[in-house]
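**Q** Sequence:
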Amino acid sequence: MPVNVPDGLPAIKILRQENIPLITEARAVSQDIRPLEIAIINLMPTKIATETQLLRLLANTPLQMRVTLVSMGGHVSRNTEPEHLKAFYIDSRELVKQRFDGLIVTGAPVETLPFAEVDYWDELSRLFAWSKTHVYRSMYICWGVNAALYYFYGIEKNLLKKKVSGVYPLGFADRSSRLLNGLDNPFWMPQSRFTTITPTEIATSGLKVLAGSDEAGAVILASSDHQQVFVTGHWEYDIDTLDKEYRRDLAAGLNPAIPVNYYPNDDPERPPIQRWKTYAHQFFANWLNYYVYQETPFDLSEL
Numbered sequence: 043m044p045v046n047v048p049d050g051l052p053a054i055k056i057l058r059q060e061n062i063p064l065i066t067e068a069r070a071v072s073q074d075i076r077p078l079e080i081a082i083i084n085l086m087p088t089k090i091a092t093e094t095q096l097l098r099l100l101a102n103t104p105l106q107m108r109v110t111l112v113s114m115g116g117h118v119s120r121n122t123e124p125e126h127l128k129a130f131y132i133d134s135r136e137l138v139k140q141r142f143d144g145l146i147v148t149g150a151p152v153e154t155l156p157f158a159e160v161d162y163w164d165e166l167s168r169l170f171a172w173s174k175t176h177v178y179r180s181m182y183i184c185w186g187v188n189a190a191l192y193y194f195y196g197i198e199k200n201l202l203k204k205k206v207s208g209v210y211p212l213g214f215a216d217r218s219s220r221l222l223n224g225l226d227n228p229f230w231m232p233q234s235r236f237t238t239i240t241p242t243e244i245a246t247s248g249l250k251v252l253a254g255s256d257e258a259g260a261v262i263l264a265s266s267d268h269q270q271v272f273v274t275g276h277w278e279y280d281i282d283t284l285d286k287e288y289r290r291d292l293a294a295g296l297n298p299a300i301p302v303n304y305y306p307n308d309d310p311e312r313p314p315i316q317r318w319k320t321y322a323h324q325f326f327a328n329w330l331n332y333y334v335y336q337e338t339p340f341d342l343s344e345l
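Under this note's numbering, the first residue of the sequence shown carries the number 43, and numbering increases by one thereafter.
Just so you know, these hints were derived from the structure itself, not from any lab.
The beta-carbon is built from N, C-alpha and C at its ideal position, and this holds for glycine as well.
Don't take every hint at face value.
With beta-carbon atoms standing in for the labels, derived distance ranges [as the list claims (entries may be wrong)]: (1) GLU344 x ASN307: 50 to 60 Å; (2) ARG58 x ASP282: 16 to 26 Å; (3) ALA158 x PRO313: 39 to 49 Å.
Only pairs whose alpha carbons sit at most 35 Å apart, straight line, appear in this in silico DSBU-like list of lysine-lysine [to be verified]: (4) LYS128 x LYS250; (5) LYS55 x LYS286; (6) LYS203 x LYS128; (7) LYS319 x LYS55; (8) LYS128 x LYS286.
Construct all of the structure, not just a fragment, from the sequences and the given hints.
**A** The following block contains the structure:
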């Protein structure tokens with residue numbers, strides 16, 4: 043089944059060339075189907091790229107869903123044209139009037155800032171409070187994990203001396219979760235972050251660690267009922283995303299380490315290897331099927 047997206051969204055052309063099923067709003071209104079309602083709070087500066095990446099994963103299931111893209115009303119985006127946001131996003135202050143089957147909160151390049159210094163922290167906190175009663179299942183990615191763990195559980199992020207960057211093999215820590223159905227052990231996921239979560243804080247929070255490694259730390263976590271899922275990495279990344287980040291940091295004189303397990307023989311002059319997409323599609327399909335579609339009430343007013 044296709045994903046219902048706003049007419050004219052730039053991702054449509056890209057994804058249709060990849061045979062990814064999409065349906066525009068104009069076509070969807072003629073169908074008598076109750077689609078899953080999925081909201082994406084897109085905090086990434088490269089919004090169009092992130093939209094495309096996430097839609098690619100959401101569309102690879104037999105479920106029809108309607109996606110609502112959300113921007114932070116109190117934040118001025120310097121990397122996305124205002125016309126794009128006006129055409130395809132709703133202001134977060136409008137979001138609180140609605141209910142959703144699923145919510146995805148992306149990462150953001152603000153890891154080193156204290157939460158209170160993030161200019162949209164108060165706004166994001168209000169959305170987290172709203173999600174308790176208006177969202178059935180939530181998924182948090184990268185910095186979105188830091189923000190949600192701090193807001194909901196009081197877990198502080200821990201800054202690392204060295205950036206975790208590359209594609210990491212991960213093992214199961216809890217095989218009981220259906221989120222991991224169909225994944226190899228180990229499986230692979232891109233990481234790009236300056237933070238980690240200490241095992242002690244996780245243990246006292248009541249959260250379950252589902253997967254991780256000694257090198258990457260806890261990577262996939264969930265609440266006991268899977269109402270909240272936390273993914274510290276970036277399964278949505280394109281094959282060249284880590285490469286672009288690496289070369290951006292090189293140009294800025296930051297002397298970045300070469301992303302691990304990414305370039306053949308760790309040679310940045312060779313094309314990177316993509317080894318995570320099959321796992322990414324399986325994971326998102328598991329989340330949508332087992333924990334959203336099969337459990338969400340038909341009438342969202344019952345949330």
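**Q** Take the hints in turn and mark each one as holding or not.
**A** Each hint tested on the structure:
Distance hint check for GLU344 and ASN307: the Cβ-Cβ separation is about 55 Å, which falls inside the suggested range of 50 to 60 Å. About 20 Å separates the C-beta atoms of ARG58 and ASP282, a value consistent with the hinted range of 16 to 26 Å. With their beta carbons about 42 Å apart, ALA158 and PRO313 fall inside the hinted range of 39 to 49 Å. For the proposed pair LYS128 and LYS250, the alpha carbon gap of about 39 Å is over 35 Å, so the pair is violated.
Under the criterion of a C-alpha separation no larger than 35 Å, the hint pairing LYS55 with LYS286 is consistent with the structure, at around 22 Å. Distance check on the hinted pair: LYS203 and LYS128 sit about 39 Å apart at the alpha-carbon level, beyond 35 Å; violated. At roughly 20 Å between alpha-carbon atoms, LYS319 and LYS55 fall within 35 Å of each other, so this suggested pair holds. About 27 Å separates the Cα atoms of LYS128 and LYS286, which keeps this hinted pair within 35 Å; it holds.
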